[in-house]
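Given the coordinates of chain X, work out where chain W should sit on it, guided by the hints.
Which chain is which? The protein sequence lines are X and W, in order.
Here the working numbering is used: the first residue of the first sequence is 2, the next is one more, and so on.
Here the working numbering is used: the first residue of the second sequence is 2, the next is one more, and so on.
None of these hints come from the bench; they were simulated from the model.
From a predicted model like this one, the values you see are computed outputs, not experimental measurements.
It is possible that part of the hints are untrue.
No distinction is drawn between identical chains; accordingly, a pair holds when it is met within one copy or between any pair of copies.
[Unchecked claim] With a straight-line Cα cutoff of 25 Å, these simulated DSS-like cross-link-like pairs (lysine-lysine) come out:
id, residue 1, residue 2
1, K266, K515
2, K266, K324
3, K99, K169
4, K224, K377
5, K224, K310
Number of protein chains: 2
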Amino acid sequence: MESWPSVNRSQFLFSPSAGRTSPLILEEAFYFGMDRENSARNPNCFGKAISDGKKSRDPLCLKNVQNIIPNKNGQQYEIGPKKTDFSTMFSHDLLPQKNGEENTKHFLSEVVEMLLNYVCASFDRKNKVLDFHHPHQLKEGIEGFSLDLSDEPENLDQLLVDCRDTLKYGVKTGHPRFFNQLSTGLDVVGLAGEWLTATANTNMFTFEIAPVFILMEDILLNKMYEKIGWIANEADGIFSPGGTISNLYSVLIARYKRFPEVKTKGMASLPTLVLFTSEHSHYSIKKVAAILGIGTENVILVKCNERGKMIPSDLMLKILEAKEKGCIPLYVNATAGTTVYGAIDPLTEIADICEEHQLWMHVDAAWGGGLLMSQKHSEKLTGIERAKSVTWNPHKMLSVPLQCSAILVREKGLLQACNQMCAGYLFQPDKHYEVSYDTGDKTIQCGRHVDIFKFWLMWKAKGTVGFEEKINKHLENADYLYSILKDRNDFELVFEGKPELSNVCFWYIPPSLKDLPKSQERNKRLNQVAPKIKARMMEEGTIMIGYQPYGDLVNFFRCVFSNQATRRSDIDFLVDEIVRLGSDL
Amino acid sequence: MESWPSVNRSQFLFSPSAGRTSPLILEEAFYFGMDRENSARNPNCFGKAISDGKKSRDPLCLKNVQNIIPNKNGQQYEIGPKKTDFSTMFSHDLLPQKNGEENTKHFLSEVVEMLLNYVCASFDRKNKVLDFHHPHQLKEGIEGFSLDLSDEPENLDQLLVDCRDTLKYGVKTGHPRFFNQLSTGLDVVGLAGEWLTATANTNMFTFEIAPVFILMEDILLNKMYEKIGWIANEADGIFSPGGTISNLYSVLIARYKRFPEVKTKGMASLPTLVLFTSEHSHYSIKKVAAILGIGTENVILVKCNERGKMIPSDLMLKILEAKEKGCIPLYVNATAGTTVYGAIDPLTEIADICEEHQLWMHVDAAWGGGLLMSQKHSEKLTGIERAKSVTWNPHKMLSVPLQCSAILVREKGLLQACNQMCAGYLFQPDKHYEVSYDTGDKTIQCGRHVDIFKFWLMWKAKGTVGFEEKINKHLENADYLYSILKDRNDFELVFEGKPELSNVCFWYIPPSLKDLPKSQERNKRLNQVAPKIKARMMEEGTIMIGYQPYGDLVNFFRCVFSNQATRRSDIDFLVDEIVRLGSDL
Chain X
2 MESWPSVNRS QFLFSPSAGR TSPLILEEAF YFGMDRENSA RNPNCFGKAI SDGKKSRDPL
62 CLKNVQNIIP NKNGQQYEIG PKKTDFSTMF SHDLLPQKNG EENTKHFLSE VVEMLLNYVC
122 ASFDRKNKVL DFHHPHQLKE GIEGFSLDLS DEPENLDQLL VDCRDTLKYG VKTGHPRFFN
182 QLSTGLDVVG LAGEWLTATA NTNMFTFEIA PVFILMEDIL LNKMYEKIGW IANEADGIFS
242 PGGTISNLYS VLIARYKRFP EVKTKGMASL PTLVLFTSEH SHYSIKKVAA ILGIGTENVI
302 LVKCNERGKM IPSDLMLKIL EAKEKGCIPL YVNATAGTTV YGAIDPLTEI ADICEEHQLW
362 MHVDAAWGGG LLMSQKHSEK LTGIERAKSV TWNPHKMLSV PLQCSAILVR EKGLLQACNQ
422 MCAGYLFQPD KHYEVSYDTG DKTIQCGRHV DIFKFWLMWK AKGTVGFEEK INKHLENADY
482 LYSILKDRND FELVFEGKPE LSNVCFWYIP PSLKDLPKSQ ERNKRLNQVA PKIKARMMEE
542 GTIMIGYQPY GDLVNFFRCV FSNQATRRSD IDFLVDEIVR LGSDL
Chain W
2 MESWPSVNRS QFLFSPSAGR TSPLILEEAF YFGMDRENSA RNPNCFGKAI SDGKKSRDPL
62 CLKNVQNIIP NKNGQQYEIG PKKTDFSTMF SHDLLPQKNG EENTKHFLSE VVEMLLNYVC
122 ASFDRKNKVL DFHHPHQLKE GIEGFSLDLS DEPENLDQLL VDCRDTLKYG VKTGHPRFFN
182 QLSTGLDVVG LAGEWLTATA NTNMFTFEIA PVFILMEDIL LNKMYEKIGW IANEADGIFS
242 PGGTISNLYS VLIARYKRFP EVKTKGMASL PTLVLFTSEH SHYSIKKVAA ILGIGTENVI
302 LVKCNERGKM IPSDLMLKIL EAKEKGCIPL YVNATAGTTV YGAIDPLTEI ADICEEHQLW
362 MHVDAAWGGG LLMSQKHSEK LTGIERAKSV TWNPHKMLSV PLQCSAILVR EKGLLQACNQ
422 MCAGYLFQPD KHYEVSYDTG DKTIQCGRHV DIFKFWLMWK AKGTVGFEEK INKHLENADY
482 LYSILKDRND FELVFEGKPE LSNVCFWYIP PSLKDLPKSQ ERNKRLNQVA PKIKARMMEE
542 GTIMIGYQPY GDLVNFFRCV FSNQATRRSD IDFLVDEIVR LGSDL
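For reference, chain X alone in the conformation it holds in the complex (with noise of 0.2 Å):
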């Protein structure tokens, strides 16, 4: 035993991984001490290493390792790299207990080395998808893992086994072949936003308590205007948690723009409302008009045409007998990139029909919106210019992390106006700062969540032209799919035609089904071949991709693409694991 040598602890490079590797063998340790100031918790060792059974020329020195085992008559020894005890710590041994910060450093270090391990594996195409398990099971406690909760705490290694489990058997949403929602992907600039939002841990009411991100927030949104086509400084918006709630705040506005006397008076003061949407459009409408006190039946839906794009003379028609039973029509809600088809209804000829009859155009972008950051597909979505208000959810096409969504309204001033009530112990009047950037008084919330730093770090690390070519990506990945499966015999196309966004609808035709004649019966059974492959692939847990049944369609595919990580081969994959798990049926 013999005492370090002079060299200032704070000189050497290495620090003990927080995980657990297998164990060294060393021999000859013929250096075995401690270091001077952390003498109780830093061992170091010295010697010579043995692997396969050969020894290393020069012998090595090992720092801050723990659990050096003497073994074979203490000329050899086995090390451990430095293990934090975490079994006997608990959460109050972390701050603000005096003296945790080491342990605090220790235990997220090693959450965050079980996370990064995660990302790559979300990424990595050898692994699953999903470990698939029915509710019960997982209520039931598997391997060790139970949800229960109890009165006593639990230790610190029992966290990070319950943190490992919980990844384990949820889903990699960022894994490239998961197809089944509108938001993929695991973007890790994203991430990191994420991360850092959640450990600023404020709130988006005031500028007194989130100074940089409310600004982040007027930038950001600027900028959101700037690419519709609106003027910065006269448009108007705020983040809200998700497109329902967006578009909530559409019909909220519009009706406070035409009846500002709802806000006190209340839906008796007003004359029978009518909205107008399309069959295709989101279901939140019907929602939103719910929770307005409009009722859902004072939703009126527009026919669609094949491409699930909405009529526009048929708008008309409803428009015009919605007048003629005395109801005022209010609103239209146009969808530049419905759930299911990713239509885009035609937004100029609505936004015609909206002027002629003084309606409130909303466009419910909260999936298409992404096409604005591309040169190549903006076009798409001319007309969006001419709308009173706009959802757009960056947390979809541009992959952002959940939640992040914006409503954006061309007329500044409104959204305060319809939704401030000048809460005293909030917004008071005489703080010394500029208090207009006080923007919490805008939302239906009170207290807000920070969703706009991921989405500013990541602009900051993409710039426009990194988004743009994310979103030509997922649309080549749509197109490549649409390609495929036009020229194929066993798939159908639910539409015809090239997509406009990255949504590609099919049923797949087992051979089974393949000579039958279009009938009931074919119906029947074909409306079972989805679900029945569905079930399979989320046992197998080697894709994902959602399916549903539509009007008179029967069960279909839907794929979408908003997953940068998503090549060829993974949608080659899609095709013919489809076909692996469906032929038989």
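This is chain W only, laid out in the frame that chain X set:
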């Protein structure tokens, strides 16, 4: 130059820190080679260290280092830690880029190191709570920190600088001396939970893509029902993006329960509904009335006593008045923990009145719900079990990271009936698992952020006993501040008596006002004291505490305790600091 001995790389214990420390001087580097597997990136080095001019007795082995610069005729080597040169890297060098794994790990590790330092700094009383800058200063850019976004991407080094500056110019809401909001403090386990949530990046709409989180929500909600005193299997609930949205749910369900036709036909089919809430209650009830088409005028404010508690006899009176006017009393919001005073309405008496008049009783326990976790204090909420719905924000008193709010409903099935729209693309009835776990159709949202995991993990970590300790401590802190202030003659309490919750409201009376008789003039001057002190404390950054006027009362401070890190010495500091900043006013 020699090759590395045949030791498997993964057996080595040290990985380089991503941080940059000062270089280490080595002499007589007798081994200088490359790692076989990763030769380009991971040079290794061997030699004797020199520090303070003294040479180490034994040679050191340094692995994975870069910046090996020979000096003194090649006899000495200056060695820095491995540096990833982020200034030449961009987001497209990260995953899913081929071979982006290592870059991704290095980049995220660098971010995490920054975050860990921030976490530790947040708890360190030597640091300021904030480094205040006015909006225009931040907008113009400070020392290279520009919020502007461009078309071209920035390199990763710039992103790291931006992250650092974002934290630097923000507010440390976890600081032991941040008393500004109901949500304060930074829980390390909650933070780990939020980091994991961000990494999993999924959505709460279906079991399909959030199997573990959906079940955790179910389990946690059951725990919350129990704490309220409801029967778990008969109750219902859901996590929402905040207290205002949770309160919105309560009115929405109350309206639907009594008039289910409102969902389809809207408010036009209904008589004039009125809601009751106290003068001191949160402004969200009015906000909700505006949104739901009920109208703010139909929110009847019930008088409060001097402690801010609703006066039941006034509630009774107002209900009768409303009935006389032909309105339909629908709903009473009782507050358990008002925003400013922390008052708890007399729940039992309100429950009696609601039963008598068949009104929906909601308890807004967004702030005070935490008391239910404390055996010592939960009796203050006696009567809450008689409510039909309860709002409870674990992100407030329980310090779960933002956002975490729940709406709890005593009757099962109402949430679903009120809100469901049965979207075919999400809620397919022919799924292969038990679809009752697809809770997404209960919400007013579509996509929904995972707010549950951090809370679940914290519960695992603390158990109810840990939460109880926490709550008790907050109330002890409030007691302590109260006991100091009541004995001082340079402070005046806004209301007499011990705090029931952790709010303490007070005026500071500077010497210049001390001998002034109560008068309009004194009020006018006293009104300016709190804003001026607040401005100074923000400029200096030493503490943060909120102020507001209330009714006839001029600006006073409201101190709230919800931060586990706050100690008595911080409360002493708060009092001293207010005197220091305000004694010349």
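Now for the hints, and whether the structure bears them out:
| no. | hint | in the structure |
| --- | --- | --- |
| 1 | K266 / K515 | neither (61 Å within a copy, 46 Å between copies) |
| 2 | K266 / K324 | both (24 Å within a copy, 17 Å between copies) |
| 3 | K99 / K169 | between (34 Å within a copy, 24 Å between copies) |
| 4 | K224 / K377 | within (18 Å within a copy, 52 Å between copies) |
| 5 | K224 / K310 | neither (28 Å within a copy, 47 Å between copies) |
Consistency with the previously given hints fails for numbers 1 and 5, ordered from lowest to highest.
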